[in-house]
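Single-letter residue listing:
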Amino acid sequence: MNKSKILSILFSVFPVVVWAQKGTLNYKLIQDTPFGKNEINYITYFNTMGSIEFGIPKYKINSTETISQTETKGEYKMVVVSNKKLFIFKNLAENKLTLADELSRKRYLISDTLNSLKWRITKEHQKIQDYSCTKAILNFRGRNYTVWFAESIPLSLGPWKFGGLPGLIIKISDSENKFVYELTGIDLKAKFDDGLLNVPQAYQMDKPITHQEFMNVYNEKIEHYKKMSRVVTTGANGSYGTATVILAEKQEKF
Amino acid sequence: MHKYYLSLFLLLTQFTSFAQTVKIKGDVTSGTKQLSSASVQLKTFTNEDLICYGFSDEEGNYNINGQIDQSDKFLLIAAYIGYKRDTLIITRGNLLKQPVFQHNFSLTEDKKQLDEIYIKAPVPVQVNNDTTKYNVERFTSPEDRNLESVIKKMPGMEVNKDGIIFFKGKRISKVLLEGDDLTGEGYKAITKNLKPEFVEEVQALEHYVEDNLLKGIINSDDIVLNLKVK
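Keeping their order, the protein sequence lines are chains A and B. Position 87 of the first sequence, counting from 1, maps to 86 under numbering that gives the first Met the number 0, and the rest follow consecutively. Position 136 of the second sequence, counting from 1, maps to 135 under numbering that gives the first Met the number 0, and the rest follow consecutively.
Any given hint might turn out to be false.
Here are the simulated distance ranges between beta carbons [what the hints assert, rightly or not]:
id, chain 1, residue 1, chain 2, residue 2, range
1, A, H124, B, Q69, 20 to 28 Å
2, B, D210, A, H124, 42 to 50 Å
3, A, G240, B, V126, 30 to 38 Å
4, A, I127, B, K32, 27 to 35 Å
5, B, D48, A, R229, 34 to 42 Å
6, B, T182, A, I127, 55 to 63 Å
7, B, G92, A, K206, 40 to 48 Å
8, A, R140, B, Q97, 37 to 45 Å
One side only, chain B facing chain A, incomplete, derived with CB under 8 Å [to be verified]:
id, residue
9, S35
10, S36
11, F54
12, I67
13, D71
14, L74
15, A78
16, G81
17, I163
18, F165
Going by beta-carbon spacing under 10 Å, a handful of chain A positions derived as facing chain B [stated by the list, open to error]:
id, residue
19, D31
20, I120
21, K122
22, Q125
23, T133
24, E150
25, L154
26, L164
27, L167
28, G237
29, G240
No wet-lab data here; the hints were simulated from the structure. For each residue, glycine too, the CB sits at the ideal point set by N, CA and C.
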């Protein structure tokens with residue numbers, strides 16, 4: 000066997016690797032809640048077929064534990080750990096958006112519309128994080144958002160349900176500054192299994208509900224809490240009080 | 000009355016000549032490969048204002064349409080991450096010659112772009128001889144109201160009830176602002192009042208000698224903090 004034959008065999012076995020659009024993005028969300036400012040970090044895995052976003056937990060929790068209690072200054076915080084991770088999966092190939100949301104510890108699988116966002120791109124430009132960005136505005140489900148996207152990064156991705164702009168979203172905030180997302184990292188050399196871009200295994204048995212159905216469940220729950228807060232409860236030692244439930248605002252108002 | 004009609008007529012014709020709908024289609028490829036979800040944009044030549052945009056589908060085909068203004072030159076741009084962006088200059092006449100303007104893009108790979116875009120979060124702590132640099136942003140969370148609460152979180156730093164700062168267990172004698180000693184021993188005034196968002200870096204300088212000329216000549220065990228302002 001001569002050298003060229005060996006070479007040709009080698010090339011057929013190991014095809015020349017062509018770079019395909021693939022990588023990870025990191026976003027930081029600062030949420031203004033009734034309990035103060037809350038910071039959540041997210042990681043997005045993407046390839047040409049779509050993207051999936053997960054939250055990054057603040058504390059490492061043992062996966063075998065189902066309920067753990069962490070003591071903070073005499074207060075008890077309950078951390079319920081579920082194997083159902085919250086996620087947002089944008090399937091570009093099938094033009095579908097599937098996500099999981101939480102309502103009083105129950106996780107719901109929801110299917111929503113993808114890229115139905117009506118962006119209005121303005122002529123305003125500003126440098127954010129060393130990228131020259133263009134401003135776009137959006138009214139989405141009860142909130143007005145201002146977004147800055149970088150045309151120099153031709154990825155139509157963004158945090159949460161946002162995306163579909165001719166450049167990567169660097170920063171997005173609503174008019175009340177209650178939800179502020181900012182890009183904290185891009186890695187175009189990240190290695191991960193493409194199988195990750197799918198509805199997670201834990202949700203296999205769940206039947207997705209629509210966004211409207213989820214909002215109906217949410218509003219019912221709120222009504223329920225409102226009723227509950229009017230009930231006066233009496234404790235074992237004769238003390239009494241009313242139950243108050245404080246919920247963080249939802250990003251979507253309807 | 001006739002005059003009125005005439006002006007109305009002129010106004011209407013003006014409007015129609017202002018906004019004209021254009022349709023553009025084609026595909027985006029690289030060699031024999033079709034590129035899906037590449038962005039295609041139509042912009043004005045002079046200000047580079049975006050007129051309309053779209054993305055290529057799985058077969059690499061794109062289809063965009065929008066309303067153009069009175070400009071006489073336009074840019075059609077195709078971009079895909081990891082590839083060189085391609086720009087085509089189109090004159091108004093060419094763009095409107097046919098009902099659908101067609102252009103196929105063939106992009107070339109640009110490996111360098113991947114390295115350029117790569118963002119790495121700044122390192123939180125950097126040690127260089129007897130200087131330790133802390134990146135303030137990495138230690139700040141939204142509930143921090145003053146610099147002191149951020150310093151408390153930095154590894155190797157301690158702050159006691161009186162606001163006295165210790166670095167590696169040793170008391171810090173001064174806090175400098177960009178190398179200037181403003182407060183002497185009473186540095187609490189700075190650390191308790193300064194907002195962390197104004198400070199870029201906290202530097203702990205060991206063996207600090209105030210006079211640069213005496214540096215390396217006399218020994219010192221002084222530790223000072225230097226604040227680098229944004």
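Here is what the structure says about each hint:
1. A:H124 x B:Q69: 20 to 28 Å: Since the Cβ atoms of H124 of chain A and Q69 of chain B sit about 22 Å apart, the hinted range of 20 to 28 Å holds.
2. B:D210 x A:H124: 42 to 50 Å: At 48 Å between Cβs, range holds.
3. A:G240 x B:V126: 30 to 38 Å: violated, 54 Å
4. A:I127 x B:K32: 27 to 35 Å: Taking Cβ atoms as reference, I127 of chain A and K32 of chain B lie about 33 Å apart, which means the hint holds.
5. B:D48 x A:R229: 34 to 42 Å: Roughly 56 Å apart at Cβ, these two residues miss the hinted range, so it is violated.
6. B:T182 x A:I127: 55 to 63 Å: With a Cβ separation near 35 Å, T182 of chain B and I127 of chain A fall outside 55 to 63 Å, so the hint is violated.
7. B:G92 x A:K206: 40 to 48 Å: violated, 56 Å
8. A:R140 x B:Q97: 37 to 45 Å: Hint holds: Cβ distance 40 Å, inside 37 to 45 Å.
9. S35: Because about 5 Å separates S35 of chain B from the closest Cβ in chain A, which is inside the 8 Å limit, the hint holds.
10. S36: Given a least distance of 6 Å, the restraint on S36 of chain B holds.
11. F54: holds, 6 Å
12. I67: Because about 15 Å separates I67 of chain B from the closest Cβ in chain A, which is outside the 8 Å limit, the hint is violated.
13. D71: violated, 19 Å
14. L74: Check failed: Cβ of L74 of chain B comes no nearer than 12 Å to chain A, outside 8 Å.
15. A78: holds, 4 Å
16. G81: holds, 5 Å
17. I163: violated, 24 Å
18. F165: violated, 24 Å
19. D31: Holds, about 9 Å.
20. I120: Holds, about 5 Å.
21. K122: Given a least distance of 6 Å, the restraint on K122 of chain A holds.
22. Q125: violated, 15 Å
23. T133: Check passed: Cβ of T133 of chain A comes within 7 Å of chain B, closer than 10 Å.
24. E150: holds, 8 Å
25. L154: OK, holds: L154 of chain A within 10 Å of chain B, min 6 Å.
26. L164: holds, 8 Å
27. L167: Where the cut-off is 10 Å and the nearest Cβ of chain B is about 9 Å from L167 of chain A, the hint holds.
28. G237: violated, 37 Å
29. G240: violated, 28 Å
Hint compliance for this structure: hints 3, 5, 6, 7, 12, 13, 14, 17, 18, 22, 28 and 29 are not met, and every other hint is.
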